[in-house]
Amino acid sequence: MYGMTDDVNNSDLLLRRYLLGGLAPGEREQIEQRVFIDPLYREKVQLIEEELVDEFVDGNLTGEERAAFAAHLRVNPSLRLDVGIVEELKRHTAPRPAAAGVAEFAPSRWAVWLAALRRFRTPLAVTCLALLVGGAALLFWRNLETRRLEQQLLYERARRDGIEREVARLNAHEGEAGAGAALEAMASPATRAELAPGVSRDARDGAAYPTLAPPPGAAYARLRLRLEPAAGGYQIYLARFKTVDNGVRFEADLRPTLEDGAPGLWVTLPLGVLPDGDYQIELSGRDAAGRLVELPEHYYSFRIIRRRP
Amino acid sequence: MNRKRGTSGGDFNALLAWLHPDRETAAGLYEEVRRNLIQLFARQGCHDPEGMADETIARVTNKVVGLSETFEGAPALFFYGVAKKQLLEYQRQRNVPLEPHHEPSTLPTQHEDQERDDRDDRLHDCFEQCLSGLAADERDLILRYYEGSGQEKINRRKQLAAERGIGLNALRVRVLRTRTGLRACIEECLRGGSLK
Chain Y
1 MYGMTDDVNN
11 SDLLLRRYLL
21 GGLAPGEREQ
31 IEQRVFIDPL
41 YREKVQLIEE
51 ELVDEFVDGN
61 LTGEERAAFA
71 AHLRVNPSLR
81 LDVGIVEELK
91 RHTAPRPAAA
101 GVAEFAPSRW
111 AVWLAALRRF
121 RTPLAVTCLA
131 LLVGGAALLF
141 WRNLETRRLE
151 QQLLYERARR
161 DGIEREVARL
171 NAHEGEAGAG
181 AALEAMASPA
191 TRAELAPGVS
201 RDARDGAAYP
211 TLAPPPGAAY
221 ARLRLRLEPA
231 AGGYQIYLAR
241 FKTVDNGVRF
251 EADLRPTLED
261 GAPGLWVTLP
271 LGVLPDGDYQ
281 IELSGRDAAG
291 RLVELPEHYY
301 SFRIIRRRP
Chain F
1001 MNRKRGTSGG
1011 DFNALLAWLH
1021 PDRETAAGLY
1031 EEVRRNLIQL
1041 FARQGCHDPE
1051 GMADETIARV
1061 TNKVVGLSET
1071 FEGAPALFFY
1081 GVAKKQLLEY
1091 QRQRNVPLEP
1101 HHEPSTLPTQ
1111 HEDQERDDRD
1121 DRLHDCFEQC
1131 LSGLAADERD
1141 LILRYYEGSG
1151 QEKINRRKQL
1161 AAERGIGLNA
1171 LRVRVLRTRT
1181 GLRACIEECL
1191 RGGSLK
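Line by line, the protein sequences are chains Y and F.
Heads up, the first sequence is in the numbering used here, so the first residue is 1 and it goes up one at a time.
Heads up, the second sequence is in the numbering used here, so the first residue is 1001 and it goes up one at a time.
Worth flagging that the hints you see were computed from the coordinates, not collected in a lab.
These numbers were taken from a predicted model, which means no experiment stands behind them.
Quick reminder that beta carbons are idealized off the backbone N, C-alpha and C, glycines included.
Errors might be hidden in some of the hints.
Far from chain F, by Cβ distances over 12 Å, these chain Y residues were calculated [claimed, not checked]: (1) L47; (2) V57; (3) L73; (4) A137; (5) L154; (6) I236; (7) L238.
Just so you have them, the derived chain F footprint on chain Y, three or more residues with Cβ under 8 Å [claimed, not checked]: (8) 23-35; (9) 220-232; (10) 281-290.
DSS-like cross-link-like pairs, simulated, lysine-lysine; straight-line CA separation at most 27 Å [unchecked claim]: (11) Y:K44 - F:K1063; (12) F:K1085 - Y:K44; (13) Y:K44 - F:K1084; (14) F:K1085 - F:K1063.
Using the sequences plus the hints, can you model the full thing?
Right, here's the structure in full:
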């Protein structure tokens, strides 16, 4: 300690033990008697006591020393006052702006926070503080999460809108010369299927669904919907793609074409908005006035199962 | 100078005369003895160290007439001897050992917490008042001395000592004396409620 001699250090250690209650009665009485008759010795004891208080407040005592000091603190109001004064001194200095020339010794931000937190020491206050901090953290996290999800939703909507516009454009040109050949070139056999109307609505009859198995990264699939004579001779058909729970995922206006003399509808599916699962297609004809006429016999089913990479 | 309740003026004068022929020096010795007694009782965990110190002084005062002729040695040691007997009586009465126990700590009750908070608030107010009463140099010294922690604090103290051209031990003694004065002011403030 501060470069003192061994004798002084030994004496300091003895006094620390005395002040922490670790001396035998005989040794203790010798020190006490000397304190009564030697003012300089008394001052030395006070210095060691001040050192202990300082170390206690800073949390620098060893576990055993701290326990002994705390035991004294419980029964010694005078020592409690000393500790209180040193705490006040440290609290007073903690938020002070650093003086010129000692800026490197400025108290840390943590010290300021810890000093402020000392005011919240009752169990109730600690609980309230913990609830407040926890609640604020939860709100902050939820706010962040909501923003992230909103951003993601906006992105997904924009992407879906883009896909649907593109698909609507492609489907609108179905039946035009050359369009079919170009689109056919985009689709592999795994992303192309021909559906006959009325195929097992829900596979109750055990018939297998026609299945599309697009490879990873495939953006489109092509379906050929066969038209029976009951479909009438509409210029435009509306195909609604529904999930098994009757939710509409996608719809498209389609023009009929002939292939090998058989009428049918080519439809380009945006795979980005159709996850794996079972789908049903309801078909309606659009008359000259633009009204939709339901075609209950023209009901198609299919399944999408993507191939794993 | 504090004066023991119940001691007669004549006995008290005899006590001072026994401590030292010079009355002023005797008064200083008396205060010193009283401080030592209070400290002794406080370190032993007595509930009313000041009251017990006054009781010791009263017992000595009651015997002082014959003491000057029969007791050899430093009068302060006689006070110490009486105080030790008193501590044994205290121990017997309360049936507690003199040395504090290292009891397992228990959680304070809400009432105790409230009391402690009130006490802390009063201490804080008195501290601020007494600190502002210190001379600027003393205030600066004590605040800078207690600033920081760990190595940072040690460096600061070395710097403080160097600025004043004194050694670290001399600095510690100077701060101790300043703090003793500050403490006396705070104690007075807490006792008398002398807050403005």
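Hints, verified against the model:
no., hint, verdict
1, L47, "6 Å, violated"
2, V57, "9 Å, violated"
3, L73, "9 Å, violated"
4, A137, "26 Å, holds"
5, L154, "51 Å, holds"
6, I236, "79 Å, holds"
7, L238, "73 Å, holds"
8, 23-35, "holds (count 4)"
9, 220-232, "violated (count 0)"
10, 281-290, "violated (count 0)"
11, Y:K44 - F:K1063, "32 Å, violated"
12, F:K1085 - Y:K44, "26 Å, holds"
13, Y:K44 - F:K1084, "22 Å, holds"
14, F:K1085 - F:K1063, "15 Å, holds"
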